[in-house]
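Asks: Chain by chain, the residues run as shown.
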Amino acid sequence: MSETTAGVIFIAALIAVLALSYKPLGDYMYRVVTREHHRKVERGIYRVIGARPETEQNWAGYARSILAFSAVSIVVLYVFQRIQHWLPLSNGFSGVEPGLAWNTAVSFTTNTNWQAYSGEATMGILIQAAGLAVQNFVSAAVGIAVAMVLVRGFARKATDKLGNFWVDLTRIILWVLLPLSFVAAIVLIGGGVIQNLTDVTSATTAAGDTQSLTGGLVASQEAIKDVGTNGGGYFNANAAHPFENPTSWTNFIIIYLLLVIPFSLPRTFGRLVGQNRQGYAIAAVMGVLAIVSVSLVVGFENMANGTVPQAVSAAMEGKEVRFGVPDSGLFAAATTLTSTGSVNSFHDSYTSFGGGVLILNMMLGEVAPGGVGAGLYGLLVLAVITVFIAGLMVGRTPEYLGKKIGAREIKLASLYFLVTPVLLLAGVAASIAVPSNLESMQEAGPHGLSEMLYAFASASNNNGSAFAGFGANTPWFNTALGLCMIFGRFLPIILVLALAGSFAKQKPIPATAGTFPTHKPLFVGMVVGVTLVLVALTFLPVLALGPLAEGLQ
Amino acid sequence: MSSMATKPFKTVAPRKKAQASNGLLDPKQWVKSAPAAFRKLDPRLMWRNPVMLIVEIGAAFTTVLAIVDPSVFAWTITVWLWLTVLFANAAEAIAEGRGKAQADSLRKAKTDTVARKLQVQDHQIDSPDVATVDVPATDLHRGDLVLVVAGETIPGDGDVVTGIASVDESAITGESAPVIRESGGDRSAVMGGTKVLSDWVVVKITAEPGKSFLDRMIALVEGAERRKTPNEIALNILLSAMTLIFLLAVVTMQPVAIFSKDFMAAAPDTAVLNGNGVTGIVLVSLLVCLIPTTIGALLSAIGIAGMDRLVQRNVLAMSGRAVEAAGDVDTLLLDKTGTITYGNRRASAFLAVPGIAGSHLANAAQLSSLADETPEGRSIVVYAKEAYGLRERDTGELAHAEWIEFTAQTRMSGVDVDGTQIRKGAAASVIAWVGDNDGSPNPHVDDLVDQVSREGGTPLVVAERREGSPAEVLGVVYLKDVVKEGMAERFAKLRAMGIRTVMVTGDNPRTAKAIAAEAGVDDFLAEAKPEDKMALIKREQEAGRMVAMTGDGTNDAPALAAADVGVAMNTGTSAAKEAGNMVDLDSDPTKLIEIVAIGKQLLMTRGALTTFSIANDIAKYFAIIPAIFAVIYPGLDALNIMRLASPESAIVSAVIFNAIVIIALVPLALKGVAYKPGSASALLRRNLLIYGLGGIITPFIGIKLIDLLVALIPGIA
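For the protein sequence lines, the chains are A and B, in the order given.
At position 110 of the first sequence the residue is numbered 110 (UniProt numbering), and the sequence of numbers has no breaks.
At position 269 of the second sequence the residue is numbered 269 (UniProt numbering), and the sequence of numbers has no breaks.
Just chain B, same shape as in the assembly:
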């Protein structure tokens, strides 16, 4: 990492966060999802969800029964059974709809770009005035070289092989500040659909048509490539097994019911039970109430919403599997720079050479930094004010000053004012400048520079040349890594969740240790080379741990691929983005912590709603069993603890509750259950209380309330 950060300031523009919280229960959303809900009734689509398929088959069956032998009771049940299926479909459609809106805005970036393919496929050109052929972007193939000049849209994913340009990536990342893309190094990757704002570049295409990052992104947010994740598959198996058990319980109840009715032959035939046993409508109602429809209906919406929550944080997961893996992470590898410390170092001391006053150095350092808009430059001005009380001067006050800007060639910046030249920059460059300006080397400077480097800081040398005298070094600005605020608390929370944090840095062990202690990470890897990172990942995985990391460079690619969760920065190389299983469009490494939370929340939501769904069954039994059998065994009315009005109203109320609870829980499914970092025991106790105990109690209240209304319907009460 070069000492002088050249990254522009970044303002993260969160993408459409408002949509997540608002309008969850907006009736418009439900109306909009209605056509999709009906389309999804197709059994060929339903078979993916066995629980809801059973409900659909049941609904079809009761429809036939209701036509053959119509009654208010039969039709009420039939209508609500169909509604149950539709509610489930609508939940999924709403979840998908939120992704679709995003996909549409992405598609706009995917206009029919015309690419200017180089006629001679050779990137060794030094001006944009070369012969090109216009071809549609969709005809570009891997390896093609295209020219893109200011104002044009980049036709496809690729690497800049010649030139440097500022690129507007807002169409994909949502961030308005342009970024620099240049050939070579770690910032050469460009994405199709982004726009070149200045200069020109030659891009070597790296993606086949239809397989670009933008294409993948659209497919991801639309959920078109959604495959069931491992935990989802496992949960589906459990739900299917439960469906089977309840199917068995209901089917085998019938001969037993016939036997019992036969025994109490004097009991009158009713709409729920006659000599042929329990009526078909009631059997289906009982089955639908017992099978885990709540979680069955919301399972896929939960998965889609989980991905969507990531997208809203500007993270693209290449698969749902990766999101789930994030919840399982045991070890987080965090790069020190940019993640734990501010990526840009800050001035923390002015070390003057002997014979020079500190205030003199401070003054020169401040002057030379006034026009320096980099964070380092700003930090010098701020420090001069804090430590030496130097008023921040406006560049306007020094109208006659000539500002020397930092360039990669000179590696220093400065100012010429009133005949005095001040230079500040990398030690070697400034010392060379002093030599070029008749100055003599000062042995103290090397000592200071060494000292700062040893302590893990970055030394910036400040030199001055007064009119008529030789240049001389004034001293060294000590730029220090500053640990971001609140990191220690975040790491403590992670520790409580059982996640170990490891800081990875190129610093020497002593510096690394100091920063690690200050930041509160559990461990650190100093003087880390890419191989060391890789070895650490392997070691952790050997011990059975799941590892997450972020990375952006090409040399991070193997480690990103090896990690269970590899988050590539969008500013990174295409190699890094290919290797990781997530891409952070904001290129914010601390987001890893949020990603872990989203992964956990996804699993928790599934678990909580499964528990809720099963716990609900207790109340439904108390509603339906006495409703069916109290007519032959009046003693069983003791189980009717809700005192529901009539057998028919009890069954209708249970079915309606079962359907309505799906709608009621859609917001929770989309938003995810509340997640506070904490130990597993604390989380479980809380969720068990809310969704377990709550799941037992809620339906007793809900069914009773519905029954009070249903009892008013003539023909049911």
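Looking at chain A on its own, in the form it has when it is part of the complex:
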């Protein structure tokens, strides 16, 4: 079987299992977030954290809870790293440096998982499992919770009550992320991923040298890293490391895990608004964008633009032989499309166009299907903008799911759309204007620009992966990228919650033949078109000087 055939089967199988999971997982999540009664274990947790599960919050209250919770998370994670040397299971590592500790705390709390450190050389077992992995759970749960609030905004009428953050957080962690990760970890262990409490094992290589192999609770962390679209690897090499991702099988499972919640959330959305077909439409938009992206990445890598790649007939530099081009390209596309900062190959080594598509994936705003929760709310905001333009063209005040899109709604949606381009473009422009920053580029010219673009696209959209050659561990970039991560995470969240608030206040308008239907292929095509056009128009100048200039030679 040729590598291409294998790749096609791999992708087809992936689509099949995702399609099979759509209904059961989407319905299951719907039941988790709508269940009336509180279970005993949940009540116990509410008592411990002092939450009042019966009181629902308005959007501002919900936002305050998220911000407070995240601020505390950052501080706790920071302190935890700083005092590592006093803690058990630290593998003998010292406390983490302030700059790095801050960067890492922000990175994991914002679901970015940008790693300016090397896991096996910096973080002990305890920090990895009790610090970073915990944030992998809670930051993912925050994303899903925000998406549920926006959906409630559509589903509810004439109210300012949008749910209780502590209830949502608890339930999503307890009943969605934990069980999925548990099963995933078991499967991954079966696939050969390690799970132990051994810090270092010495081995003698075939050449007779001694090699130090770091152990740890890898499978459990790998599971939530993917299920929660986090991406922070246990090891520096992330999913290219054989202890994290040993075989083509585990590679398949990992890709499935990082796509399954984002692709199933539209079902939950459909159930909540009482129209499953609306969920299908949103999933279709995600699917179309994802399939186009994957095809482009794999296509460009196979076309192998460049002298050396052409000589070996594929762009294999930076890719693991055990995965090959299609599985690597798919993994790269899937992670950049889901804000998962994980890699199983080195994006810096991709062809200029292939790498360009990876950057573009993130520039889309992580919506196809995007990070857990974040992808759904991002795409719903794009749908709101699309409906606004489409609605005018059918001669009615635009409405989506029965809610009117007036001045306030379009203001919030526009601001949402503005956040990441502002962070990304301003970050790149400011950075490139400072000569000393150019030293961080591994290469000069267009590829160097692509590296920088990638870094800011990744931080602003909370992805977390990098063009590895880029030296981001400088005070400038630690600060700038850290700010991008924080603003790129929380500004959109605040805007989405406010949007949910103004939708929830409205009484729904019944649909008539004059209402523009938002579940048909025409709408799917329009959202895809509007997304691509808006993003392309925003970023074309910088893309032209980066990946396009490099590739069109």
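The hints are simulated quantities; they were obtained by calculation from the structure and are not laboratory data.
Computed from a predicted structure; not experimentally measured.
For each residue, glycine too, the CB sits at the ideal point set by N, CA and C.
A couple of the hints might just be wrong.
What the hints assert, rightly or not - What follows is a list of derived Cβ distance ranges for each label pair:
no. : chain 1 : residue 1 : chain 2 : residue 2 : range
1   : B       : D269      : A       : T479      : 49 to 59 Å
2   : B       : F61       : A       : T479      : 29 to 39 Å
3   : A       : T159      : B       : R685      : 47 to 57 Å
What the hints assert, rightly or not - Rough simulated footprint, nothing fancy, chain A against chain B, three-plus residues with beta-carbon under 8 Å:
no. : segment
4   : 683 to 697
5   : 700 to 710
Stated by the list, open to error - Interface residues of chain A toward chain B, partial, derived using beta-carbon atoms under 10 Å:
no. : residue
6   : L89
7   : G92
8   : F388
9   : G406
10  : L425
Use these hints to put chain B onto chain A, whose structure you have.
Replies: Just chain B, lined up with the frame of chain A:
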């Protein structure tokens, strides 16, 4: 509603429709709007339109650059950037100009009238010979009583409190046929600026000076009170956000360009790119090409033109908000009479009492109706001819006949000819006449009258008295509501647009149902009292629907005020006109359907041009990006798919296209995009194809064509 309609025939004289279609691209209009276009360059006026303000600032900036470092390229760009702003201003001025012409003709009606204020402010007078004081009309206040006699102009808005007069309202409504205005009832309202043709009336002034209907109308058609509508505000926010994004994209491109130029230091400096980055002229050009100038330039013209389209149909909207709301309407409440059925009922059967031949009744009915010019009367003559083959006799043939005219007191009409008296009219009056003329009551008549009433028709009793014998009833003329032609199709179209129609009638449910089925409305409200109408509106609104209705009576006022779109008939009371948010000067209730279409068209035009504007950007990038950067990265020339002659010509062509497209689209902005009633999906597919796909393709062709010309200019090619 009284059975005998007394409304005069109406001939609707459409007001200045020709102007809308002709002369849209008339160069004279552009020349005429030039001074206004320059006046509008004032930044204090421009700030209302952020997109065009950016263009103006850009134009000012390139002017400075072109003065400091003059070149053909710099000046060409500068001139076209200023033209872009001027074109936008001119578009708005043209739209406003069309309203101004109308306002001027209205102003003529607003001459300095002298009012004759009653010295004793008491309207209980029975002759016009009372003491009055002459005061200027502008000094009249609410509550003042004024006397107006034939030949005089009514000095201000008010209600007739005494007397009856025929009034020429053509100055305001454009309709030449005079209307009757009388005290009491639903036809008491008069407007300042209209003229009393016969008789005299005492008018109680209801509007303070400067706030009359005429004043409001002038302000409305001039657009002086124009406020941005909710959808316009929302669209402006989206456009501002896009302007911001493109501003960001262009500004942040500069450091990246410097970095790239530095990397390829061997590339020569050009007029578009040097060691300091992209030149200011080119940065501004790129920005102006990318921000949504097309829709930004035409947005206010679209709004003004939308109001104007209503004015041309003789509808005055009190706010742009109301016009927009019309596009959103989900439920139309339509009065049966006058809207769904001909306001005037028509003869559909002659029901003779036993012992009387049908032809006898028909003959008498025809004779009595020959001089009756009301639609009912005409319909009787027509029916007698159709059903009984009776030739229509000319009143001249019966020279010796004495015609008895209908009066409100007698409530019957008739003829005395050759000693025979024939009377036709309301049942009670005719039966009373029979009794007065020695006739005896006929029990069959009551049965017939009841039967007709039950079926929703209107019975007219016909009686006859031959010379020497007592009067006797011949039978009953069955006047029936006739559903207007083509109503069913119109309602079907509305249904396709998602609009539900509800017929409101005072008829009993059985009759209402029959007529509703015949007319094809979705629902009906029978035996409707004003409260029921109100309750229906509330119910619809509770369910989230937007309701439109028409009304003319004082008791319609609360419902008109509650409806999202309330169209008051101009013939209606001042209370109704105050309560509604639109007034139809033709008093034609079916116009509601057109109003909805105009509202939809307004929104569609905005959406279509926004889509077009954004779609245009793709081609502009393909023109400008390679023009700037191919000099350092020759590979980027692959993006120059239009094969434009030179970097300078490419940029100039994009800027010129961007300006010219504004002029090209002015007619569309003023006329509105073509609107065919249909489902939302069908509308969207069509508009997306024309303005989305068309918006992507058109500039590729346009820019290429302009480039072919521009390349001939020395210093640019």
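Asks: Hint by hint, note whether the structure agrees.
Replies: Structure-based check of all given hints:
At roughly 35 Å, the beta carbons of D269 of chain B and T479 of chain A sit outside the given window of 49 to 59 Å. Distance hint check for F61 of chain B and T479 of chain A: the Cβ-Cβ separation is about 33 Å, which falls inside the suggested range of 29 to 39 Å. Between T159 of chain A and R685 of chain B the beta carbon distance is about 36 Å. The supplied range of 47 to 57 Å is therefore violated. Only residues whose beta carbon comes within less than 8 Å of a beta carbon in chain A count, and the segment 683 to 697 of chain B has 7; three or more means the coverage holds.
Counting residues of the segment 700 to 710 of chain B whose beta carbon lies closer than 8 Å to any beta carbon of chain A gives 0, which falls below the threshold of three, so the coverage claim is violated. A distance limit of 10 Å between C-beta atoms decides the matter here; for L89 of chain A the minimum to chain B is near 46 Å, and the interface restraint is violated. Restraint check, G92 of chain A versus chain B: the minimum CB separation of about 43 Å is more than 10 Å; hint violated. Contact between F388 of chain A and chain B, as hinted, is supported at the beta carbon level, the nearest pair being about 6 Å apart and thus within 10 Å.
Given the 10 Å rule on beta carbons, the hint for G406 of chain A holds: about 5 Å separates it from the nearest Cβ of chain B. Using the Cβ-Cβ criterion of 10 Å, the hint placing L425 of chain A at the interface with chain B is satisfied: the shortest such distance is roughly 4 Å.
Hints 1, 3, 5, 6 and 7, counting from the list given before, are not met by this structure.
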